[in-house]
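Per our numbering, the sequence shown starts with residue 347, numbered consecutively.
By construction, these hints were calculated from the structure, which means they are not laboratory data.
Among the hints, a few may not be true.
[As the list claims (entries may be wrong)] As a list, the in silico DSSO-like pairs of lysine-lysine whose alpha-carbon atoms are at most 27 angstroms apart:
| id | residue 1 | residue 2 |
| --- | --- | --- |
| 1 | LYS389 | LYS444 |
| 2 | LYS444 | LYS410 |
| 3 | LYS410 | LYS389 |
| 4 | LYS421 | LYS410 |
| 5 | LYS421 | LYS444 |
Owing to the predicted nature of the structure, the values given are computational and were not obtained by experimental measurement.
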Amino acid sequence: QVQLVESGGGLVQAGGSLRLSCSASGIFVSRYIMSWYRQASGKQRELVASITTRETTTYAESVKGRFTISTDNAKNTVYLQMNSLRPDDTAVYYCNAKWLREIWGQGTQVTVSS
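Using the sequences plus the hints, can you model the full thing?
So, in structure tokens, the structure goes:
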């Protein structure tokens, strides 16, 4: 069964850190473009960070220098390290895999209090 399962979300104070994990089954993350998206309440889903099969990374301007995307192929897992969190980072964060098809996880809530 093809599945992406996110974890690591929660409530954190502004300035704090969280690490999100996306565990994949049924696919190899090394063969996909892996991304993190987020959707704040009342807003459209937006791309936060991506990593290609060659480990090239891209980031939204709003998170550059604060967030880091990485993969652990042995664990078939993608991570999003989030530092210096701000209240406007509050959103549901989704893991996404894209290659011959597109797969979404169920999302994990991140809430940053001021």
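Structure-based check of each hint:
no. : hint              : result
1   : LYS389 <-> LYS444 : 23 angstroms, holds
2   : LYS444 <-> LYS410 : 22 angstroms, holds
3   : LYS410 <-> LYS389 : 20 angstroms, holds
4   : LYS421 <-> LYS410 : 26 angstroms, holds
5   : LYS421 <-> LYS444 : 18 angstroms, holds
Going down the numbered hints, you'll see the structure goes against none, and every one checks out.
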